[in-house]
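Undergrad: Those protein sequence lines, which keep their order, are chains V and G. At position 218 of the first sequence the residue is numbered 214 (the working numbering), and the sequence of numbers has no breaks. Take the position in the second sequence, starting the count at 1, then add 8; the result is the number in the working numbering.
Just so you know, these hints were derived from the structure itself, not from any lab. Accuracy of the hints is not assured; some may be wrong.
Facing chain V, from chain G, some residues (calculated, C-beta under 8 Å) [unchecked claim]: (1) P225; (2) C228; (3) T253; (4) N255; (5) Q257; (6) V266; (7) V269; (8) Q271; (9) F274; (10) E606; (11) H607; (12) S608.
Predicted model only: the values in this text are computed from it and were never measured. Virtual Cβ for every residue (Gly too), placed ideally from N, Cα, C.
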Amino acid sequence: MYLVTFQFAFTSFFQQRGGGDALSPDQNKPHLRWCSSEFHKLLKKIQGIPPLADYLQLELTVVYNVCLCSTAQSQFSEAELLLTQATERVLQMTGDAPVASDPPVFWRTVINSVGDTALNPCVLYLLCLQWAIWLSTCQLKIIQECQLFSVFETLSTGVWDEGRSELREKSSDIPLLVMDPRRLIELLQICTIIAQGAESLSEGRSSEALSGLQTASSLPAPRTLIAYTHLLSGSCLAHMSCPQMALQCYRKALETDSRCVCALYQSMLIYRQLGNTQAEIQGLRLLHSTLMLPFATEPALADTRLLSPSLLLRSQSLSSLLSVPSALSVLHNLALKCVHHGRVSDGVEYYLDLLAVLHSEDQHGVHAEGPPLPSLPELYLQAGAALLMARRPADCMALCDEVITTTLELLPEKVVLAEPEEKCEAETRALCAEGDDRVAMLLWAGAAYLLQGHCHTQLKDWKQAVTHYTRCFNLLVKARFKKGSNADMVGKQGTDLCILQKLKGLSLAGRGISFTQTDQLREALRDLQLSMQAFPECVSAGLWCGEVLWRLGRRWEAAACWEKTWSFTPQFSVESLSVYLQEPQSGPLLDSSELRRRIQELGPPLSA
Amino acid sequence: KASDWRFIRLSLCGKVIIFNCKRASATSDCERTELIFSSLAFQREDNTFLKAADGAAIISRKRSAHVDIVKCKCAINVQKRVTTACILVTKKSEKGESFQYSLLTLSSSNHLEPCIEFKLPYQMRETVHILHGPTVLWSHTGNVFYASLQAGEVRQMPIQVSHSVIGELPLHKEHLFVLGLHNLSDQCSNTPSTSQILGYFVESGQVFDGTVILPHPYICITRCILVLSAEKVDDVLKSAVIAATSNQQLVYFENGIVKDVCQLPFEQPENIQVVNTGRNGCLFVISFHQGHVCAMWKETFQIASHWSSVSSVHVDDFLGCGTDQMLLFFKDQGITGQPLDTFLLTDLCGISYSVRHTFYFDSGAPKTPPPSPESDLTLRALESRLQSGLTVLQELQREVRVKDRVLQQSVRALTDVVSEIFALPVQEGLIALWDCDDESKDEALDDKTQDMPAVSSKPQVDKLWHRITEERMVVGVILTTDIIQTQSQVFWLPAPCSSSSSSSSSSAYMFSEPAAKRSKQHYAGTPNDLNTCRVAVTAVTRLTPLLNSGCVKCRVMLHYMTVHYCLFLFFCTDEVKEDLLSLMAVLDRWVFHIDSPEHSLGNIDSWIQKRVGCKRVEVSPQYLLLNSSGPSALMLLHWHQITPFQGELSLQTLQFLDSLLAYLPVSCSIQPVKGTKGQGATQIFSLALEKEMVSLIECVSSLLCEEEEEERKSLGHEETPEPGSVKGLQRCREVFQRDVERSRMRLSPLVGVGRYRRLTQSIYSLKEHFLDGSDFLTKYRKLWQAILVL
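Extracted from the complex, chain G is given alone in its bound form:
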């Protein structure tokens, strides 16, 4: 590719060196092939490059020899410890079966000297690198070869890798490295499990983990790489690398982790260079195949400018001003005489010199003649002012944002308050509209129901049964009665078909709807009108005292209420049913009220049923039996949907609740239903513990917060002492001592006795009403009293 160009340019020490391979033509007298070079320096006054030196070297004397320049690049000569221009030329043998390569270096006295020479049975096809050493590195048929001054011969990298990436590290000893994918298995996939990235230091032959430079997926797509910095800390390589990929991206890595990505405007990147523009930061110049170039700011990682039809890009201090500039030579169209006809010399921050016949410009530097130093200075001053102005503006914007937020929040709070005030009358108004037509009718109905005396003042006992489970005995009665209020558990026996009517086993007060409305509903639902309902009342007692005494008498205390409710029940005298009811009486149950004001609950019932191991209880279909694989084997579940937004769930273990929570809307609240009879001791205990925990946390945190508040107040007025004088130093020490003391205190704070007593007292008073009347926990209370005394 390089040989396609007639001139090959190189920059070295602020000068441009042009190489040209002059071949002997058939008509000419000259039979040898010469490598001509000339070194040019930029003249600011004339805006041109002037020749500083030139020379030539004979490469071949054979007429038929085919000589090509493969590549030229500057590299450090390790022996001489200087950067020299290196040029790699190839001579094809007459038959074309072997290729002679020689690397020439340009000495300080402007002589071309042969440096490395080697013969290959093939032509280098892929990219060739001339790197530190000078070392020539290339890959051929999946192997990486190199030839250097030290080695003196062509060597092959001992590890077989595919997709090699070659780069230079700015390290002390090891400079050249090769990264490659090393397949662990024979499979050709490139996943991290089947292949690993190996790094190989050419100088030392050491193998290292390549992922510290490039992560795995990038190996295959990296086209060129530039190591910005590298150091070894405790034998671990720390690096900052940029790589251009075949996916049109420039990626910035730190220690093998992607930090930033920028989309590139062109395809097929070939080379990355760094331009240090001094005060204005660094630029990356990426050159692409087919003469595209783009420049990018390192700080912002964004494209600064790009050009097309560029024949070569060089980075050096051509002006001799101490910072780098980039020099772009454009491909000439038509004019072939002068190699340096059209160029652009710029650092994108004020320096710009150019000679252009045609404009290939896409963007970037101005097309005007170079600015004078004065205007440059003015520009810089203006620039810095702009920068400071910008920061002020940003601060202001931030403040405005904060203010806006505060304002909006307060407005919102205000509207919330106002809407709450207004919400009530509207609701009332709505009901007025809807019921206006039949209001009088309803009222009449209401009156009637209230006046009506209870149909049966005495409950009719349909069935009495008992079961014994473990150490307890369950006594149950099925009653036909009005509503009852009892200390025992009550189960409504549901109607067989109407799923809308209630079938909950919770306390009797569960409907808050006005009676008139509901009565209408039920007229529509079922034909027969029953005033009474059947309920099962169960009581549990411990078996041992019963066994000890001779005579067994079990009392079920009932308290009647004359409230009219319509519920329809079906008769079930199955023994199975009795079993179930007994079981329900014995089992500890949690009843939760689930309320989701903003989001309807959907079909929870079907969700529960779809769970693994869930089936309906045959005798009482409103109960679901859940046979989960977890630690709690069997569980009875019951879901009762009150409205689309509310429901009640009764269950035994809380683990189920966890998965239900994931299904329920985020905004919903779950409250254990208070006053559920049959709450086991464990439930009371755990609830009490929870409350206690919460209040304890609150008390303690408030205690600590107060401490801190006080501290802050006392700290507020202190000023930091001047560390210059002896006195100041003394004060500094004091402050430090105090700081140490304070942090120690914070770790194990001291609380005044009075305050601590107040804390415990408050917790105790909180606990008092939990524990009142519960014999179960008297011991616990005593314990607390003991603590208080302490």
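So here's chain V without its partners, still in its complex pose:
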């Protein structure tokens, strides 16, 4: 009769669950909260009496249910407190003295104290929950110390299950558990292996992690987790420099769970590492289209079950392994890759898609982690450069206009470029940031004018080209260096200074070339020489400078100039520079073989 009252919460729980399985996790939450509070009430009732052997089994079952609900609501400390109370009551019942707080010793004592009685499984179920709490709070060391895997070896095989079901047939008094312990153990086992694998991997012990993950892949587990084991195996292999085997693993992960976007991303990274650009681009394209699917935004592990794997896998190292950049970032990467590797028309399309998405209100997946997108003007300029390459100068000009109109009002009269070493000292950080912004504005506007100049060059409108190159140059001279420019600084990549010099060189070169087309050779020579000063590696400036010299009759000088230009080895790789800072391939060109023929006709230089 006493037991009857306890049935209420169970039955209502299971009734609700029976209908609630189809509910979304969000909807399950209030229900879970309600169940949790009902279970708490029940526990309060049952713990209101002294621990008696007859009721303790029931009590521990209730504790299991309460703790599971609490754990499912991420109330770990509360659940742990309940576990401690329950085990203390067990010890009180068996008459053993309370023991040390060292978890492995403590639990061993508790298990030993109940011996082989009916309480033994109940205590082990509680240990399962303790395991879940340790796992959720990333205390992997304790899990290892307790040797939980060996403790639960018998449990997971389901030998107990049979005993339980037989018991249930005999009497209806066996209280129900909200989650089958065997399922819980299965889940805990694979989650622990995954978490430990991620930990070992981040600590550089790849081979150790690999063996564990390989065995885990054959364990009974949700599809997502199986995919994770393959994914992490792949990461281990990638660390052990076996890229092909890693690719196999990533493939398996994807075959197991098509929602494992991370595997796609990782394999793309491998292709990048291997230098297989075609595969990389294809990978990026797939990754992007996958990320645009509706399910990609919702967490992969959310499900309707009580204890979701995502709750158990909260380690930092794992989430960093599983992180995938946002769809937009992938799209940008894709566009850039295409432009760099000769798929200009594809690249242009991707850039336009990207800008369209950024303009529409629907910022799908913007909040995902990963590297942030470049700023909007930067993207405009990159897109403009791509359009220019695709011989769509009108579109390019429109984009540049956009950049110029937005930045024009914000342009500073003068700006001082500081050296990076002293750039961001603590006291001037705020000032610096502001200064950075202004420098960036200046550079963007300059680049926009430069691109427009290129456009006009492409259209053979030399006058307009000269105007825009001049505007670019005029803007750039507003920037001054704080301490005289030294060559070291210019050489450093990516710095504002380097970009500035490059812009100057390119704009002067462009103007010089334009002047050559209108036969203003003197102006052309001046500009081209200045360009080579500002940016010595500029090939077109060097070649055209020689051409102008040749036309002016200074043939030996011309020859020397050409020779010097050809001797340049490109200092920067193609991809390290912004697309819009590359020398245009669309302007008037000089044929190198023709130039060499000319030099040969000229004979050996005088000095030789």
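Once you have looked at the hints, place chain G on chain V.
TA: Structure of chain G alone, referenced to chain V:
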């Protein structure tokens, strides 16, 4: 404990009575010991208690006598049928070997009269109860004693109990009861198996089952008890009880079943009282050791307020307004002159009077002067408005919740639909990525395999054998051949070492993987490349016709297919092996396809092996022999895992499936494999029966549902008639008659002939294609036709 206090207070009929035991001191002239009392009434205007009456009684005239007040309490005097104040005093004899107890009652004329007197050779140590009667009840050395006006002497309860709980029932005849644990055996454990709870009515001496009041585990931990209601229905006691336990809980029991539990803020509860605040419900006031008090609402069973440093709590209608209030006197710090210096009179719902020098307040009533009646009324009006507002709010919230749920479900359904649309292209895309590198290579390979003609167009018979089991004969051939399609059973003879290659005994079409991929796998797996494979084909026939005819000719019909499969087999010409194959041919087998899309299956094979009585068949290790203790003695099992999420199981009895189901993930689906050759008649029959059953259930339930639907439609417009007039009464009767008729109809519904015929027709048509071509069931079909004609 009571004697520690200088003043002992009591409330009676809205007045506070203070008892004080004045002892003769050595220096005083007065040599006697007096019990002084004064009765005080609360004056609302002055916010004080004023003396209404007082008096004194001499208890002892001896100088050396040591007099103590043990306890005072109000109890019903049965003889006078009034509630009187009772006070129990004790006098220690000079030598200290005996104790004189006397219970005094305060009469209506404000006189203290001795009521019961008795002598004890010991001092009462444990809690003493003054209850209905008046009766004095106490326990000493595990025995319960009582002294009452009726008994006139000290009596002992006849049953030996440990852990007694004493209480009062609001019943007609029996009021006082004692609950206790009665040990059945000599062991000292307190489990329900070794001890039982006995109840004992003091007045009648009747013994009853104590579990109707308190459940077993609570007996030992109950500190005080209050019976809220009790009645005897057919000699069964129905009760509602609250008890405060030593585990800091207040527990509410109904008929001995725990209904509600509340955690108490203090330890060591001593007394529970009920405050009826009228419209606002009831409060329980629990007083604790060391002057803690807490009040709790009966309805919500939650703590309303609590106080500390309280010297005594009284419940009565001190204001004379018709409802109870509680009166708390606080322990004075320093000021000892006036006993009623600091008090709080409140019902926690609007009434609050207090005089406080120092604030011991923890929470609860306001510290402002008493509110005026107008503000009280306003407060009540506001309160009721708040309440109605709250209910409206709750209803709204409920509606919102329902709406949310509907919305979320529809959104979910929508996303499901959308994701289904999108899922396909992605999958295709993925394959494109992976195979892009060697696609051309694969295609070339594909072409080659397709162009290649079958290596051997004629199967090579390696071995022919036959076995006889029971009434049947099994003929088997081992062939070296390409893939075959046959009406007989085919067993793939597996390779000895490679566990990855298939070894299923089901139909030949079992791989859906593209050939090119698999061929790659096998290159890696085994060195030698064989195009052909060995299979065992078996056929079963009944023995009797064979025995009757003279010449025996057995034909195995084979149909070839030119599909290229790579499987590696090993040669086994063992007789044992032949035995096994014959057995497999004869045995009825179930083949189930187990598919668990969301959860991988894990290592089913090892799970099966770990079962009791399971061992591998030596000659053919992919088969497991299960020797369970159940009704089906021996069983051959075979598990074939296709992917981590899919597998095939063949077995003979379904009982095993039951325990396997418990092991498998909940989400997995189990389907009997269609087209398995060698399905026994029983299997066909049972499958047909199952289908038939399901469709029958569907048809019938839809039939009944339609009925009900129609009924509901017709019912919808009816209005309930007014029962006032004669006509209305008539209509009421009609409606009732119709209701009766309808419920009778529902129990044995009438179905139109046409509809019934349609039902049977539909079932028949369902059955038609099961039974087609099966001679076995023609009789059955005839039966059904007969039913249809009917």
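Undergrad: Are the hints correct? Go through all of them and say.
TA: Structure-based check of each hint:
{"no.": "1", "hint": "P225", "result": "holds, 4 Å"}
{"no.": "2", "hint": "C228", "result": "holds, 7 Å"}
{"no.": "3", "hint": "T253", "result": "holds, 6 Å"}
{"no.": "4", "hint": "N255", "result": "holds, 5 Å"}
{"no.": "5", "hint": "Q257", "result": "holds, 4 Å"}
{"no.": "6", "hint": "V266", "result": "holds, 5 Å"}
{"no.": "7", "hint": "V269", "result": "holds, 5 Å"}
{"no.": "8", "hint": "Q271", "result": "holds, 7 Å"}
{"no.": "9", "hint": "F274", "result": "violated, 16 Å"}
{"no.": "10", "hint": "E606", "result": "holds, 6 Å"}
{"no.": "11", "hint": "H607", "result": "holds, 5 Å"}
{"no.": "12", "hint": "S608", "result": "holds, 5 Å"}
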